[in-house]
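Visitor: Here the protein sequences line up with chains D and B, keeping their order.
The working numbering puts the first residue of the first sequence at 7, with every later residue one more than the last.
The working numbering puts the first residue of the second sequence at 650, with every later residue one more than the last.
Among the hints, a few may not be true.
Label-pair distances were calculated between CB atoms; the ranges are [stated by the list, open to error]:
hint	chain 1	residue 1	chain 2	residue 2	range
1	B	R837	D	A130	24 to 30 angstroms
2	D	K103	B	E920	29 to 35 angstroms
3	D	S400	B	K761	23 to 29 angstroms
4	D	S354	B	R696	42 to 48 angstroms
5	D	Q325	B	V946	52 to 58 angstroms
6	B	A1017	D	L105	53 to 59 angstroms
7	D	I221	B	R1041	46 to 52 angstroms
8	D	I449	B	E1014	48 to 54 angstroms
Straight-line Cα separation of at most 30 angstroms, DSSO-like style, residue types lysine-lysine; simulated pairs [to be verified]:
hint	chain 1	residue 1	chain 2	residue 2
9	B	K681	D	K396
10	D	K91	B	K678
11	B	K1048	D	K22
12	D	K368	D	K71
13	B	K1048	D	K393
14	D	K100	B	K1048
15	D	K103	B	K1048
16	D	K103	B	K967
17	D	K368	B	K761
18	D	K100	B	K663
19	B	K678	D	K393
20	B	K678	D	K29
21	B	K681	D	K22
22	B	K1048	D	K315
23	D	K432	B	K678
24	B	K663	D	K393
25	D	K235	D	K189
26	B	K681	D	K92
27	D	K396	B	K1042
28	D	K29	B	K843
29	D	K432	B	K681
30	D	K103	B	K1042
31	B	K1042	D	K393
Everything labelled a hint here was simulated from the structure, so no lab data went into it.
Even glycine gets a Cβ: it sits at the ideal position worked out from N, Cα and C.
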Amino acid sequence: MLEKTIIEKLEAVAGKENVLTGKVDLVAYSYDATADLPRQAPDVVVLPTSAEMVQAIVNLARSNKIAIYPRGAGTNLSGGTVPLKKGIVLSFQKMDKILDVDAANLTAVVQPGVVIAALNAAVAPHGLIYPPDPGTVATATMGGSAAENSGGLRGLKYGVTKNYIMGMEVVLANGEKVRFGGKTVKNVTAYDFSNLFVGSEGTLGIITELTAKLIPAPKYRRTLMGVFKTLADAGNAVAGIIKAQVIPATLEVMDRMTIQTVEDFAHIGLPTDAAALLLIEVDGMSEDVVSAEAEAVMQVVADNHGDLKAANTDQERDQLWTARRNALPALASLNNTVVLEDATVPRSRITDMLIACEAIGKKYNLTLGTFGHAGDGNLHPTILCDKHNKEELSRVHQAVDEIFQVALSFGGTLSGEHGIGVAKMKYLGDELGQSGLNLMRSIKESLDPEYVLNPGKMVPLREV
Amino acid sequence: MATTTKTLPARPNKTYHDDLAIVREELDKCMKCGNCMAVCPVYGADRVETAVTRSKIAVAEAVLDGELELDDPQVYEMLFNCLVCKSCMTNCPTKVNFDRIMLALRAALVRKNGLPWLKKMLFSTLKHPRLFDAGLRIGAALQPLAFRGEKGGKAISPRSPFGQVGSAIGFDADRQLPGLTVTPLRDRVPEVVKVAAAKMKVAFFTGDSLNYFYPEAGMDLIEVLTANDIEVHIPKAQSCCGVPVLVHGDVDTVRALARNNLDTFDQTGCEYLITGCGSCGGAWQHDYIELMAADPVYGPKAEYWAKRTYDISTFLTKVISLRPPLGRVDRVVTYHDSCHLKKTMKVFAEPREILKSIPGITFKEMSAPDACCGSGGSYVLSHYETSSIIGRKKAEDIKRTAADTVSVGCPACMMQLLDNVHRAGGQQEVVHYISLLAESYRKERSVEPITR
């Protein structure tokens, strides 16, 4: 519990209506979207409405040794916003204004609480898009997705959040406010601060404004689906598409278990004897180019013994997407807990990784389905389990350990898009080694020596 | 294994309305993914986590785990800051039946503390002068339920919370309420409206809103049915569907109302039950089954009628094939999807099909037609500010269509739209979609040429 005087000071800074201390308020900010993590209620929730307010709160917290947990919409998947050490949850839900849409410079300036889909709705009339599209675009905030460096379904062709953040305003742990980057395409002034703070998971500074890059919306697209009898055929098709010099906007894969579960769940006529399914979408500014790319993809699918479906109307496109859209809901319907991982491997090892995940599921006698972004090697092995069954949970933890080991052995990484947070912190040394951990700690401590910002995430707390 | 006797599926001995622990299974389904945030109208207006579904589920878990008390003022304030619009359920990847969670919590609260707390809570929100008008109108909608013993109707439980609320703020005179100075629908028509050569007979469940506030829309619905050679039974013994009290956790009253309605409609001998309100239709299609699941007599009756209940639009387009309207109605019309009509009864294509078939109507779809209007029955009364923010957004969407008429399939939404459209400076007339079909039929009878 915080002293009453601290709460009063917070109320003086942020306004009484933006400081929440009720038991129910605290329960509501005790979780994020990560499965299998303990909840922790904060001491207080503060909803700032300006960067100056954030500075005052940071100063107050630092001088009183209170932890600050910045939070967007709380849809993150690695425990990044759970207030482990209690203290202050700093929720940006009320800083949700789009400050500027500049069609001439292809940029937008936003407050951190702007929902990604709201930005896209605002730039659509200009024929522009903000491409990063994590599964939570309709709820996740720009600040949260920048802090987590979110990916999404279009990563292969369009990149991820870090490719679209051109500038920022950040409040540092020392209370200073710093601005860097901006509307210029080129900028080599000073260190590349944007790339330091994007993906820092709120551990280095608090983002209070963002300048985002926009691109013209693609005018044409074709959607195709290939169903394969063997994983090898599907894997070869992925390689074949890239070899044919086509970079699809979307290149998604679903394994046998996921296909069967989706079919049982949604009855959309998927062949349940299939070993893998690919959903492929090509897009672009010219009809000719998009058609040629679609033809090339169809040829590759046929060459690899795939059963091909092509959408010619929006309605048909929607039908093809139904399978992928239902992947997570269908798997989730099998039990009460969904452990969703995002181990990522080089594209060429996708088939090996799919086979390994299936084997790990069998080895630990778990319900495991894998789907994900085959085009960029980012897979989502998904384990369905019962949170009330301790013995099963311990097998889940062993399986997850092994999934990470395998991903690393294939030259991959622990996390393609969900981040480290608390959920994957213990594996960090496996990928980075001691020198990497030391680098993490020296960056953290040079910017936040007292561990005020999101303590307990990414960089372990120093033992007292 | 061969067997000669068929066993009926076992009835549970209680439902989630009687025991909060039953909803644990629903709570367990929630992943806290936050997809509900994208569609929850209350979250859209309030912008705090406590407004959204997943936090209410987290709080329900804390209550079941003994970490929070159900009657903690903050807990029940949060529980009632929900429209029960079911929008979250349409966007939920794990298909959590959040309506059950919410109803179970509210029923548990009433079991624990009785009903007087509700009166206190509603009053605390009534202090705001702007609420008074809205309060009167909603209170009036509920008034008959609390006060007016209808001829032949079963007595309404005096425990109804609205009796207490209503009487305390002086809902004793109809004359204060313009909507109630007119003759109610069921007093305007005989119990059986016959037609010359009836090809079918159906029973019409009017619901209170059509009966007391929009009797003209009710008359239009009957007129449309008779224009299609259908005999209409409107039993006078029918009572409120009970949804307004169900959402306040008054399970005893809603069950009494349900039993009365089930008995009353059994006596009509009709094959179909027609509604013109999504909440009423939803009660007959779903709520009665769930409320009566443990009742060996009324459980089967509820199941019988659930299968025979249709919104008027579905009946006209799917059960029969409506007589094509020929009279010209020169209007630009948009359509608002009422939550309970679309999200509970799954009716959304049929009203549009009917509207588009009427000569002269230009149909304009609004953006987000199925976004909640913010009415939520008595929510508009208890949470006027939030309700207005939601309603204003809807009114702006309506305005942008440049339609002159906004059609709806649910009377509660009609009231909310009327208020908000006018506050937003819109000129649109708010009508039940069935009234436009009736208008077309009438024009054709007045020998107006179809084409000029």
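Visitor: List in ascending order the numbers of the hints, as given earlier, that are violated by the structure.
Guide: 1, 2, 3, 5, 6, 7, 11, 12, 13, 16, 17, 18, 22, 25, 27, 28, 31
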